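From just these sequences and the hints, can you work out the full model?
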Amino acid sequence: MTNRFDAVTLQPILIRVALVAATLAALALLVFGRATSQQAQLGEHLATLSALSQNLPLQAGAAVRGSAPAFDSLAGSRAQLERVLNEVDAGRSSIGFLASPSSKALADSSAWTAMLEQSQAVLDGRDAALKAQQGAAAVRELTPQVIAATANVVKVMGGARPDSLNRHLERFELRAQAVEQDVAALADGTAPVEAASRRLADSMQFMGQVVGGLAGESNALGIAAAQGPAADAARLLAAVYRGEQDQVRSVIALGDQLEQIQAARNALVESGVAAYSSLAKAGQPAAGGPRA
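With my numbering applied, the sequence shown corresponds to residues 1 to 292, in that order.
Hints are computed from structural coordinates only; laboratory data are not their basis. These numbers come from a predicted model, not from an experiment. Cβ atoms here follow ideal geometry from the backbone N, Cα and C, with glycine treated the same way. Among the hints, a few may not be true.
Each computed SDA-like pair below joins lysine to any residue, with the alpha-carbon atoms no more than 25 Å apart [stated by the list, open to error]:
1. K155 with S218
2. K131 with V193
3. K155 with K131
4. K131 with G243
So the derived label-pair ranges between C-beta atoms look like this [what the hints assert, rightly or not]:
5. E173 with A263: 33 to 39 Å
6. G222 with D256: 18 to 24 Å
7. D124 with A215: 37 to 43 Å
8. E170 with A51: 41 to 47 Å
9. R140 with A263: 36 to 42 Å
10. N86 with G208: 51 to 57 Å
11. L130 with S164: 39 to 45 Å
Next up, the structure:
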């Protein structure tokens, strides 16, 4: 009777112990599974951020040069970066052991935040970059026409041209070629905006004086108006030149916007290097550093 009584008494206790043990085992499995999942997420985050630290500056560089597909790629990469950073932020906690591995490894996100801002600045300049490339393409198409029209003026005038006019027309052709190069550099972001704009303004001023002088306008170069058949050739030159002038002015007018996106592109390269370095501190950088 005593043994039976003891068994009856102990049975509820043993059941409760079993339930507690099962609960603890379930919690252990849950914690282990969560830790494994978070560790896998950390690896995914580091790999993604490593790629983005390289891709964003490269895509921004191509975008600044007026590539519409590069702007699309940049927008996609920026969205991906924002998603990863949001996931990292979601894992932060003031209680250390509750914070996710990603939030601990990527505690300093200043470089990544800077990349978000800088890439957005480049994206904001999409319209200006594409218009600048359109203007540069138009100038490339018009420059041979300007040079051909200049050669036609020389041919029609014949040998009666003053030596001073010959020098001005030779310089005119050189300036036309320089204008094409400077507009391309301005649109591509390969030259400082202020310097390229100043060279363009000087070249266009000189070319305008030559064209105006041949048309009979007052000019500081002492060029006399073309006469007879040469006047018709001069009018053709003036028409082609005015078309190029409009295109050059349209690109110069975009100077401030182009300067802003070029500055953002340059800053993005520096931020990409800093961001990649922060991954190295996290202990798992991917092979191959960012390309500046």
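Q) Can the restraint linking K155 and S218 be considered satisfied, given a maximum Cα separation of 25 Å? A) With a Cα-Cα distance of about 23 Å, the restraint between K155 and S218 holds, given a limit of 25 Å.
Q. Between R140 and A263, does the C-beta distance stay in 36 to 42 Å?
A. violated (26 Å)
Q: Could you grab the alpha-carbon distance between K131 and G243 and see if it respects the 25 Å cut-off?
A: Roughly 16 Å separates the two Cα atoms, so the pair holds.
Q. Within 25 Å, alpha carbon to alpha carbon, are K131 and V193?
A. Distance of about 15 Å is within 25 Å: holds.
Q: Please work out if K155 and K131 have their alpha carbons no farther apart than 25 Å.
A: violated (36 Å)
Q) Lying within 33 to 39 Å: is that true of the beta-carbon distance E173 to A263? A) Holds: the Cβ-Cβ distance is about 35 Å, inside 33 to 39 Å.
Q | G208 and N86 - C-beta distance against the hinted 51 to 57 Å | A | Between N86 and G208, where Cβ atoms are some 54 Å apart, the hint holds.
Q) Range hint 37 to 43 Å: satisfied by the CB atoms of D124 and A215? A) holds (42 Å)
Q. Does 39 to 45 Å hold as the CB distance between L130 and S164, or does it fail?
A. Holds: the Cβ-Cβ distance is about 42 Å, inside 39 to 45 Å.
(Q) Tell me if the beta carbons of E170 and A51 are separated by a distance inside 41 to 47 Å. (A) violated (53 Å)
Q) Does 18 to 24 Å hold as the CB distance between G222 and D256, or does it fail? A) violated (37 Å)
Violated hints, in rising order: 3, 6, 8, 9; the structure is consistent with all others.
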